[in-house]
Amino acid sequence: MRTIRTSISRCALVALSLAGCQWTEFDDLEAKAWVQSTEKPDANSNDYGVALARGLRTSADGGTLVVLGAGQALYTELVYTATGAASLDAKTELKLNNQFGIGNLDLQPVLIADTATDDVALVTNSGGDGSIALLAGTHTMTSSQIFGPSTPDAATYMRVASQAAAPKPSQILVAALDAVYGSGIMPQPVCHLVDADGTPVSVRGIAAARITQTDFDDLVVWSAEGKLYLYDGNAFDGCATPALPLSVPVDVGFKPEPNASMHLVDGHFLVLAGHHQSDAASRIAVYDLTAMNATPAREPKLIGAPLDRDGMKATTILAAEGTTYVMAGYPLASVDGTVAGEVLAFELDVTTGIDPTPVATLHDASPESNQQFGRALTTFPYNGKSILAVSADNEVFAYYQSPLYGETRR
Amino acid sequence: MKSRRFLVIAAWVAACVLAIFAIHTPRSFAQSSGALAKAQAAFDQAQQDYLQGKYDEAAKGFEDAYGARNFPQFLYNAGAAYHMKGKKTSDTVAYTKAVELYKRYLAEDPQATDKAKVEKAIAVLEAEIKRLAALPVVAVGSGSGSGSGSGSGSAAPPTPVAPSAEVQSLGEVKVRGLVVIESEPQNATIYLDDKKRGAFATTPWSGSLDGEHKIIIEKKGFKISESSIQADPSKLFVLKAVMSEEGYLGWVEFASNIEKSEIYMDDKTIGSIGRTPFAQNIKPGKHTFYISSEGYDEYKQELEILPGQTYTVKADLHGTPIGKINVQGLGIEDSAIWVDGQRLCERGPCLKSVPQGDHTIEVRRSGYKTYVRRVSIQAKTETQVKVALAPEPSRSDAVVAYILAAGFTGGGIYLGLQANKYRDDLTSEIKAGTPPPDSNDPRFLKGKIFAIAADVSYGLGALTALGAIYYTFRDKGSPSTGLIDVRALAILPQLGPNYAGIGMETHW
Chain C
1 MRTIRTSISR CALVALSLAG CQWTEFDDLE AKAWVQSTEK PDANSNDYGV ALARGLRTSA
61 DGGTLVVLGA GQALYTELVY TATGAASLDA KTELKLNNQF GIGNLDLQPV LIADTATDDV
121 ALVTNSGGDG SIALLAGTHT MTSSQIFGPS TPDAATYMRV ASQAAAPKPS QILVAALDAV
181 YGSGIMPQPV CHLVDADGTP VSVRGIAAAR ITQTDFDDLV VWSAEGKLYL YDGNAFDGCA
241 TPALPLSVPV DVGFKPEPNA SMHLVDGHFL VLAGHHQSDA ASRIAVYDLT AMNATPAREP
301 KLIGAPLDRD GMKATTILAA EGTTYVMAGY PLASVDGTVA GEVLAFELDV TTGIDPTPVA
361 TLHDASPESN QQFGRALTTF PYNGKSILAV SADNEVFAYY QSPLYGETRR
Chain E
1 MKSRRFLVIA AWVAACVLAI FAIHTPRSFA QSSGALAKAQ AAFDQAQQDY LQGKYDEAAK
61 GFEDAYGARN FPQFLYNAGA AYHMKGKKTS DTVAYTKAVE LYKRYLAEDP QATDKAKVEK
121 AIAVLEAEIK RLAALPVVAV GSGSGSGSGS GSGSAAPPTP VAPSAEVQSL GEVKVRGLVV
181 IESEPQNATI YLDDKKRGAF ATTPWSGSLD GEHKIIIEKK GFKISESSIQ ADPSKLFVLK
241 AVMSEEGYLG WVEFASNIEK SEIYMDDKTI GSIGRTPFAQ NIKPGKHTFY ISSEGYDEYK
301 QELEILPGQT YTVKADLHGT PIGKINVQGL GIEDSAIWVD GQRLCERGPC LKSVPQGDHT
361 IEVRRSGYKT YVRRVSIQAK TETQVKVALA PEPSRSDAVV AYILAAGFTG GGIYLGLQAN
421 KYRDDLTSEI KAGTPPPDSN DPRFLKGKIF AIAADVSYGL GALTALGAIY YTFRDKGSPS
481 TGLIDVRALA ILPQLGPNYA GIGMETHW
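Residue numbers (the working numbering), protein chains in the order written: chain C, 1 to 410; chain E, 1 to 508.
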């Protein structure tokens, strides 16, 4: 009897060991996942991931990503290790209401990163007066400048002539209607933009571009009328009089809502990306600004055909494997019947423009309703390479690998 | 008196001459048949005379029958006729003849089954003869006279004297019928009822048989004869078997050093064909014979039987010490008894012989716990096992455990398949990258939970199964019990004034 029991017990144990599932396989698989997903930290922010920006400008070992939360305004930095682990840097976490008196953020706050330093700034409304919060970099969490008017329509970092001699963080320009405010230079400049006949130009997007100068930037403006202007950068270095455009404006043919995106590629190719101010339409277009570097400046040249596709809310430029892509987020796009959002990758060729056929589509592998995948996009340095980060509702995705580039983890 | 003695002597001489003549005269079956008819006729007449109280005639008839065929039983019947005459008439001569014939009867049949009874009758009659001889002679006549001298006149028969109490105690003597079995040729073996009971006698045979019997007569080289008889105790019954020759069979004679050993041929399951000593016609061919006796090793011999040939199978059986095992108990009639893994009895109670030594006894009954006991059987002992079987306990707990184990295992399989599906999906999606799952994809967690749940379920299933196995085999409830009682058996010679034999005694 004892022999029978022993034999049966052994058989049962052997069968159990053979039949058992190895749950650690899922840990291994998770480590192999291309995408690192980070959910909102244990904070009071109930709308985490409304804006993304790179952390450090360069990072040869791992990388950092700035993520803003709305609801209760929250600044966080996600730290990614070289091997792919991600964690929240608790030391840099800021509740903006406590630090700057910024309560709730807009759903699409303007978060900009300086190209010359590690500075990252938030340009937003603080309830009556416009606010600029320097969140990271040289002036990390040490100051904020508040000036009016209350509602910023566009912002950018821009280097001006007075900053060239003594390297400083770039000046932040904030546009509201036709006024452009400068920061970091005292007294604070306030320039009013007009067109050639003196008509105020209402701003929807601005970008610093080194077109006519070599040591400082000019300013490219996308107006509410759908026109593209070039202004002399000197006008914003202690500006006191209305600035006149350097060139004849070109009509983009698309009237964007405020905070339209303007990305500079290879120094003089400008990617415009805007959501229409009155409907769901959106447009991405590429202009060659080279012609503007003339006397008198000429119109920028549209390259290829504009890409019109409804629902675009955010864009970023990804350079990977020798190819440049315009990554466009459509957070209300339907995925497999679920309104979860997606990000489309369009190949950008500076000679032919944007290929309207996406070369890659990114979305959550398990899409959830109202996930808003792609509501904010950015790229950030990771292990010396530029990788894509996408935010969704209370979730941030960092793509260590994608159909557009290979494995970046070590 | 002299003349009476002379007659007795003459009768003795005549009887002896007749007996010698009967013994030494070669008798053919035809002659024997005629003499037998004469004897039967005389016997029948004597029987009628006896019943009518004509004892002298009856005695003469029986003696005539004896003269025709010298069966001792005729002498007894003649003696019985004189015995009854003496008893009725107090005739010492008749008593003397009775004693004489009784003695002849015993002399011719010293193995008579009623030898003791006849010897007692002889003693009583001889005492009665002496008692009667001692009585004064009383003459009873008519007329009167006185004086001495001798004269002649008619004397009345003497008044009978009442028999003694001893004679009275012998009761009424009855004459006996006789069964005579003869065969042509003679010297055939007679079996009574069943050959397995062994040889009864050889032809010619005469004697008493009561009731209905099957008579089997067999002789080498002759066809077997089978007859049924209904013996009448008051008649002479003659069975004559004329056997025809049969040359195509072989004749096998069996013997063993142990009498009444069982003889088996070819297939032991059909039972024994007889007991030693034994002989039988056997069909030609190859046969295997087994001779066995309880307590002895079996003897086996193979023979190629040829027609008309005679073979001898002689077994020298060697004994094995044996003891008896006696299994009893409540409900034993529905139990099977096994010893050393072999079924000893299909159902109890079971009393069987087993070789001396250690044996494992099992008493099995459906629905009850098997009783298992190792016992040591000693030679010449009876080991009595009184078994009380305990009912098998319910195994519902084991059944429930098996169901749970199956449920857990089934659940584990389902969960494992789900986990494997998640793993395979994630693996393929990670490999394809369209779209690549992120690290927070819920399927990682779900898959892990399913995998862990599957393992937990497997574990629970295994533990439950082990429990079920334990519940299946655990000995629940009181066990079946048995009470062992060993008794000594002794087979001893038994001797008494009127008997001899062997007897068995038990001591405990």
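Treat the hints as calculated values from the structure; they're not laboratory data. It is possible that part of the hints are untrue.
Dumping the calculated DSS-like pairs for lysine-lysine here, alpha-carbon to alpha-carbon at most 27 Å [as the list claims (entries may be wrong)]:
no., chain 1, residue 1, chain 2, residue 2
1, C, Lys32, E, Lys196
2, E, Lys196, E, Lys260
3, E, Lys421, C, Lys32
4, E, Lys196, E, Lys130
5, E, Lys386, E, Lys476
6, C, Lys32, E, Lys446
7, C, Lys385, E, Lys421
Have a look at the derived ranges for each label pair, beta carbon to beta carbon [what the hints assert, rightly or not]:
no., chain 1, residue 1, chain 2, residue 2, range
8, C, Pro356, E, Lys446, 30 to 40 Å
9, E, Lys476, C, Ala31, 32 to 42 Å
10, E, Ser428, C, Ala60, 46 to 56 Å
11, E, Ser428, C, Ala90, 51 to 61 Å
12, C, Thr24, E, Ser428, 11 to 21 Å
13, C, Asn46, E, Lys446, 23 to 33 Å
Everything numeric in this text was worked out from a predicted model, so none of it was measured. Glycine included, every Cβ here is placed at the ideal spot set by N, Cα and C.
Outcome of the hint check:
Note on Lys32(C) and Lys196(E): the hinted pairing is violated, with a Cα-Cα distance of about 92 Å set against a maximum of 27 Å. About 9 Å separates the Cα atoms of Lys196(E) and Lys260(E), which keeps this hinted pair within 27 Å; it holds. For the suggested pair Lys421(E) and Lys32(C), the alpha carbons sit about 17 Å apart, so the restraint of at most 27 Å is met. At roughly 51 Å between alpha-carbon atoms, Lys196(E) and Lys130(E) are farther apart than 27 Å, so this suggested pair is violated.
Restraint check: the Cα-Cα separation between Lys386(E) and Lys476(E) comes to about 22 Å, which is no more than 27 Å; the hinted pair holds. The suggested pairing of Lys32(C) with Lys446(E) holds, with an alpha-carbon distance near 17 Å, which does not exceed 27 Å. Taking the CA atoms of Lys385(C) and Lys421(E), the gap is near 34 Å; set against the 27 Å cutoff, the hint is violated. As the Cβ distance of Pro356(C) to Lys446(E) is approximately 38 Å, the hint placing it in 30 to 40 Å holds.
At roughly 52 Å, the beta-carbon separation of Lys476(E) and Ala31(C) lies outside the given 32 to 42 Å, and the hint is violated. In this structure the supplied range 46 to 56 Å is violated for Ser428(E) paired with Ala60(C), their Cβ-Cβ distance being about 33 Å. One distance hint, 51 to 61 Å for the beta-carbon pair Ser428(E) and Ala90(C), is violated here, with the actual separation near 37 Å. Between Thr24(C) and Ser428(E) the Cβ separation comes to about 19 Å, which falls inside the hinted range of 11 to 21 Å.
A C-beta distance of roughly 25 Å is found between Asn46(C) and Lys446(E), which places it inside the suggested range of 23 to 33 Å.
Consistency with the previously given hints fails for numbers 1, 4, 7, 9, 10 and 11, ordered from lowest to highest.
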